[in-house]
Amino acid sequence: MSPFIAELVGTMLMILLGDGVVANVVLKDTKGSNSGWMVITTAWGLAVFVGVTVAGPYSGAHLNPAITIGLAIAGKFAWAQVVPYIIAQFLGAFMGAFLVWIMYYDHFKRTNDSASILAVFCTGPAVRNYISNISSEIIGAFVLIFTVFYITGAEITPTKTPIGLGSVGALPVALLVWVIGLSLGGTTGYAINPARDLGPRIIHALLPMKNKGGSDWAYSWIPIIGPLIGVTIAALLYLQLHG
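Position 58 of the sequence shown, counting from 1, maps to 57 under numbering that gives the first Met the number 0, and the rest follow consecutively.
Mixed in with the good hints there might be a few duds.
Claimed, not checked - Computed Cβ-Cβ distance ranges for the label pairs, DEER-style: (1) 174 with 101: 40 to 46 Å; (2) 108 with 56: 37 to 43 Å; (3) 220 with 109: 18 to 24 Å; (4) 108 with 151: 27 to 33 Å; (5) 77 with 206: 32 to 38 Å; (6) 126 with 33: 20 to 26 Å; (7) 242 with 206: 18 to 24 Å.
For the record, the hints were derived by calculation from the structure and aren't laboratory data.
Ideal Cβ placement from N, Cα and C applies to all residues, glycine included.
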């Protein structure tokens with residue numbers, strides 16, 4: 000379980016469960032059909048919990064190129080490891096999205112709405128306005144990484160002795176992603192993660208699905224550039240505050 004494998008497996012599980020809940024909600028004739036935004040945001044938060052639980056002890060569980068780059072800018076992660084981490088994250092995203100297709104194969108065949116099929120794999124705007132859309136992704140990613148900088152471990156006071164929390168230590172990030180989805184996700188679907196969006200979007204383009212339509216490449220740059228700008232701003236502000 001090297002850091003590379005941990006990032007790959009952790010991202011795969013996160014995408015499998017995260018895109019999986021969208022499939023359960025939007026595809027035809029599933030048990031969870033039309034169960035709504037609360038179900039999607041809750042399961043995405045828990046999907047992050049699962050990914051972080053598995054990958055955390057081995058790689059730090061970035062599971063997100065924006066997180067990796069933001070930590071590197073802030074001096075909390077070695078630049079030499081950035082590219083291998085990002086490659087692992089994209090491979091994990093490809094695998095997770097493919098597994099969702101396998102899992103919901105019959106329901107993809109029954110679904111005629113191409114927008115619903117695309118929504119399983121990647122995000123899209125509620126109102127298409129690229130300036131507003133990229134602003135949403137910048138703000139969401141800023142909140143994500145800026146809060147991550149301030150997540151601390153438990154300790155015994157006044158001796159400051161650290162306490163290992165085990166898997167429970169993954170909970171703060173899961174709650175963070177949950178609240179971002181509930182509060183800020185209504186505009187673009189809160190990608191806040193280039194691998195989470197681009198990886199499954201590529202899989203959508205490649206898979207032989209009936210009624211799938213296009214992959215909306217005209218929008219695809221928003222979930223890439225927006226999070227990268229957001230984490231850069233957050234990292235620079237963090238450095239300024241703690242310089």
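Now the hints, each set against the structure:
1. 174 with 101: 40 to 46 Å: With Cβ atoms ~30 Å apart, the hint is violated.
2. 108 with 56: 37 to 43 Å: holds, 39 Å
3. 220 with 109: 18 to 24 Å: violated, 32 Å
4. 108 with 151: 27 to 33 Å: This hint is violated: roughly 48 Å between Cβ atoms.
5. 77 with 206: 32 to 38 Å: holds, 36 Å
6. 126 with 33: 20 to 26 Å: holds, 22 Å
7. 242 with 206: 18 to 24 Å: Since the Cβ atoms of residue 242 and residue 206 sit about 47 Å apart, the hinted range of 18 to 24 Å is violated.
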